[in-house]
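**Q** From the two separate chains plus the hints, produce the assembled complex.
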Amino acid sequence: MTRKNMWLAGVAAPVMIAALLLFAGSTSVTAADRPSPAPAGVKIDNFSFGPQTVTVPVGATVVWTNSDDIPHTAVSTEGLFKSKVMDTDEKFSYTFTKAGTYPYYCTIHPKMTGRVVVQ
Amino acid sequence: MPDKKQDLIDQQLQDLNNDGVDRRGFLKCMAWAGTGLVWTMSGGIPVSRAFAKGYGKDAGKGADFSFVQISDSHIGFNKPANPDVTATLQTAINKINAMPHKPDFIIHTGDLSQLSKPSEFDTLDQALKGASAKQIYFVPGEHDMLSDNGEQYLERYGKGTKGSGWYSFDHKGVHFVGLVNVANLKAGGMGSLGHDQLEWFEADLKGRSASTPIVLFAHIPLWTIYPDWGWGTDDSEQALSYVKRFGSVTVLNGHIHQVMQKVEGKVSFHTAMSTAFPQPAPGKAPSAGPMKVPADQLQRVLGITDVNYLVSGRSLAVVDSPLGDSGSSASGNGGPGR
Numbered sequence: 003m004t005r006k007n008m009w010l011a012g013v014a015a016p017v018m019i020a021a022l023l024l025f026a027g028s029t030s031v032t033a034a035d036r037p038s039p040a041p042a043g044v045k046i047d048n049f050s051f052g053p054q055t056v057t058v059p060v061g062a063t064v065v066w067t068n069s070d071d072i073p074h075t076a077v078s079t080e081g082l083f084k085s086k087v088m089d090t091d092e093k094f095s096y097t098f099t100k101a102g103t104y105p106y107y108c109t110i111h112p113k114m115t116g117r118v119v120v121q
Numbered sequence: 308m309p310d311k312k313q314d315l316i317d318q319q320l321q322d323l324n325n326d327g328v329d330r331r332g333f334l335k336c337m338a339w340a341g342t343g344l345v346w347t348m349s350g351g352i353p354v355s356r357a358f359a360k361g362y363g364k365d366a367g368k369g370a371d372f373s374f375v376q377i378s379d380s381h382i383g384f385n386k387p388a389n390p391d392v393t394a395t396l397q398t399a400i401n402k403i404n405a406m407p408h409k410p411d412f413i414i415h416t417g418d419l420s421q422l423s424k425p426s427e428f429d430t431l432d433q434a435l436k437g438a439s440a441k442q443i444y445f446v447p448g449e450h451d452m453l454s455d456n457g458e459q460y461l462e463r464y465g466k467g468t469k470g471s472g473w474y475s476f477d478h479k480g481v482h483f484v485g486l487v488n489v490a491n492l493k494a495g496g497m498g499s500l501g502h503d504q505l506e507w508f509e510a511d512l513k514g515r516s517a518s519t520p521i522v523l524f525a526h527i528p529l530w531t532i533y534p535d536w537g538w539g540t541d542d543s544e545q546a547l548s549y550v551k552r553f554g555s556v557t558v559l560n561g562h563i564h565q566v567m568q569k570v571e572g573k574v575s576f577h578t579a580m581s582t583a584f585p586q587p588a589p590g591k592a593p594s595a596g597p598m599k600v601p602a603d604q605l606q607r608v609l610g611i612t613d614v615n616y617l618v619s620g621r622s623l624a625v626v627d628s629p630l631g632d633s634g635s636s637a638s639g640n641g642g643p644g645r
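Sequence order for the protein chains is A and B. Counted the way the working numbering counts, the first sequence spans residues 3 to 121. Counted the way the working numbering counts, the second sequence spans residues 308 to 645.
FYI, nobody ran anything at the bench for these hints, they're computed from the structure. No residue lacks a Cβ here, since even glycine has one placed at the ideal position from N, Cα and C. Misleading hints may appear alongside valid ones.
Heads up, simulated DSS-like pairs for lysine-lysine below, C-alpha to C-alpha not over 27 Å straight-line [said to hold, decoys possible]:
hint: 1; chain 1: B; residue 1: K386; chain 2: A; residue 2: K84
hint: 2; chain 1: A; residue 1: K93; chain 2: B; residue 2: K493
hint: 3; chain 1: A; residue 1: K86; chain 2: B; residue 2: K386
hint: 4; chain 1: B; residue 1: K424; chain 2: A; residue 2: K93
hint: 5; chain 1: B; residue 1: K424; chain 2: A; residue 2: K45
hint: 6; chain 1: B; residue 1: K599; chain 2: A; residue 2: K45
hint: 7; chain 1: B; residue 1: K493; chain 2: B; residue 2: K424
Covered by chain B, per the in silico footprint, the following chain A stretches (three or more residues, Cβ under 8 Å) [what the hints assert, rightly or not]:
hint: 8; stretch: 47-58
hint: 9; stretch: 67-76
hint: 10; stretch: 85-97
hint: 11; stretch: 103-112
Distance windows between CB atoms, simulated [as the list claims (entries may be wrong)]:
hint: 12; chain 1: B; residue 1: P390; chain 2: A; residue 2: T57; range: 34 to 42 Å
hint: 13; chain 1: A; residue 1: T99; chain 2: B; residue 2: P390; range: 37 to 45 Å
hint: 14; chain 1: A; residue 1: G102; chain 2: B; residue 2: G514; range: 47 to 55 Å
hint: 15; chain 1: A; residue 1: S78; chain 2: B; residue 2: F476; range: 36 to 44 Å
hint: 16; chain 1: A; residue 1: G102; chain 2: B; residue 2: S548; range: 35 to 43 Å
Same shape as in the complex, but just chain B (with noise of 0.2 Å):
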């Protein structure tokens, strides 16, 4: 890649530390004003601008490539929170059914199903069949391991896949890797990767340039987000070791049921809300777990992540889209982007 292109880059990376709004303004703006931002990836390195309401139809002009990542679809629950969550997954294959541009396909970060039973998983597949993209990438959450070491759904998902299922694959030049974290979990602990995992881990990026980019994704946030409640995996920190010299790194979780996003060097991290219910703030409640809101706010707090892939020399930040309409806002002003 071009020096000049890198520098401009990284200088905009560099400003997004730099420009006066806090991560967290960032975010509230951006959920106020209605909008979203378009993660977006050049020549390697997530860039990302604003998009105002308009910017659907351009969405996908020489784009790389765009995937989207949906999350904790918990198929078999059926508790207050969310008394249908089969029909809230619909709602999200929908939205991502009504995408301008179509994905080149889906991950599912995990918490497939409530229970690993095989009428959930079958609810599961069959609603995704229905779905614009029709490759899907899965790694369990543990809420799918519950057959004697997540048989169930290895039976189903596991086709290529190592241990408890984890698994790597290039697609237009980025390598993705998929990682399990939650089997063989210990007392007392959070999430773990465990030790073959780390092993095969390793091996799978040796020789591969520090420019391509790469994709981890993994059920339990692989940053410790809050101790007390499970949010996070042990032995992380010797995986994430394993992508310091990688130039991108992006890194997809699930499990919290809300979007969380950090970035860290040339890491960013980054949460997706579940499309079955969600979960309260870290501290903010007795424990973690489903929480119930309103019936008229439950599609506002559900959501997909669309990841898009885009020429293009901005700030970075990924689209989150509630299920429910954002509809319209007091300023409308396409948010802070630049």
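In isolation and in its complexed conformation, chain A is listed as follows (with noise of 0.2 Å):
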């Protein structure tokens, strides 16, 4: 590359790509505009959902991982949601869009069980 070309490459380039963020960061909020709630996570270990009762706000997508070594599932009571079943290392994630609390068990050892309270 030219010193020129790198110059554009190295420092233009990225100094321009910030400002275009920042001037796009920088424009008004809406409530439509306000970021996602970061999403919780549910532990599964030991046959217990970890913690047992996750509180989130409206919108939060709640990430369940099963650290345990005996697969597990995480289903609503109410038939909200319905996680496949999760081996070890798997994921289930599910978005909470209402208010409420929502109790689930895992199907395989209904001993288990947990909620999530959305405020």
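**A** Quick look at the structure:
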């Protein structure tokens, strides 16, 4: 690359891109633009959901990760969501769009229960 | 049956409870001595006698019949507790095939597969083709129900069954009932038989003579062993009430991957070892699940159950044989049998 091009690629371009992003980010933010809540995690281990109760804002996604050496599921008792069978290290996620309390359990080992509180 | 014989057997069953050796000590003794006890049935009443190493050759003589229970093969499991469950299943089958008396059939009390995958069921079927007993009866475990409502399982093993896979059959005068307590499990609950199955079960038993020996087999224990870990069946009491009038009831279960036994009146409960991996004793670990043991110990905590029906009059227990040789022991005196 010529020195001029190098300058373009190495300095100018990134600066311009950064400026563009900054400019884009500095336009007025409406409710519709508000970033979605960070996903909340539930770790499955030792035949239990941890935390057993997870509280998230409306619009949040809950990600279940199976860290146990046995497969598990996460199934809503009201039929709202139903994970496939998660083997070790597999995940399932669901985005909650309405406020409420959502009990769920593992259909393979029904003593395992949990709750998602959306508010 | 002549009353005298009945009285003798009743007396010996009674003696079991009064012999000064409690069940725990009895079983500990058995393991230490490296022998097993044959659980036999005579005229409808299970009895047993101790057997030392030489017993094998007499087994089956005058026997009404025998069968083997295996359980929890979990084909597809590959974690540290046992990276090769197919190999240990094969060891179990070899052990069955090496038995001096050929069992009439095999009962598999569930968790055939780990994830209800076709390939897992295929592997199991392939291995069982090499068993000396060609007739195999199954009931599903919760791991076999992972495809919608146990479709995969029912397609292969559900012929002639009802609902989620329950059925009954008769063999040489003994009535066998395969029950399914792993379908439609409710949040926070344990195993469950459900209304339809209970209704069917009650009707199935109607009209049968009370002297008919009954054998029930289901995956999850039909008595409450440890509710925190789901080791029990919520509505088993109702089922057991239907068999109350029978003179001899034997319940064979799996699911907990260890041997547990209980005798309550004329009902004997027994859970089998797994052919795949052991689980912790109730409450002895943060949760149930695969328990890793040193590699050289694995064969001792996996096993099969030989149920022998002989004409004899001793106290009752079950032969659970570990896959690995118990080897010689300090005492070797044939155990505490009488």
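**Q** Okay, the stretch 85-97 of chain A and chain B, do three or more residues pass the C-beta test at under 8 Å?
**A** holds (count 3)
**Q** Taking 8 Å as the C-beta cutoff, is the stated coverage of the stretch 47-58 of chain A by chain B satisfied by three or more residues?
**A** holds (count 3)
**Q** For the range 36 to 44 Å, tell me whether the beta carbons of S78/A and F476/B fit it or not.
**A** holds (39 Å)
**Q** Between K386/B and K84/A, does the CA-CA distance stay at or below 27 Å?
**A** holds (26 Å)
**Q** Please work out if K424/B and K45/A have their alpha carbons no farther apart than 27 Å.
**A** holds (25 Å)
**Q** Is 34 to 42 Å respected by the C-beta to C-beta distance linking P390/B and T57/A?
**A** holds (40 Å)
**Q** With a cut-off of 27 Å on the C-alpha distance, tell me whether K93/A and K493/B pass.
**A** Since the Cα atoms of K93/A and K493/B sit roughly 23 Å apart, the hinted pair holds (cutoff 27 Å).
**Q** Verify the proposed pairing of K493/B with K424/B, using a straight-line Cα cut of 27 Å.
**A** holds (24 Å)
**Q** Examine the stretch 67-76 of chain A for residues whose CB is less than 8 Å from any CB of chain B, and state whether their number is three or more.
**A** It holds, with 4 qualifying residues against the three required.
**Q** Is the gap between the beta carbons of G102/A and S548/B within 35 to 43 Å?
**A** holds (41 Å)
**Q** Do at least three Cβ atoms from the stretch 103-112 of chain A come closer than 8 Å to Cβ atoms of chain B?
**A** Coverage by chain B holds here, the residue count being 7 at a Cβ distance below 8 Å.
**Q** Are T99/A and P390/B spaced within 37 to 45 Å by their CB atoms?
**A** holds (43 Å)
Hint compliance for this structure: no hint is broken.
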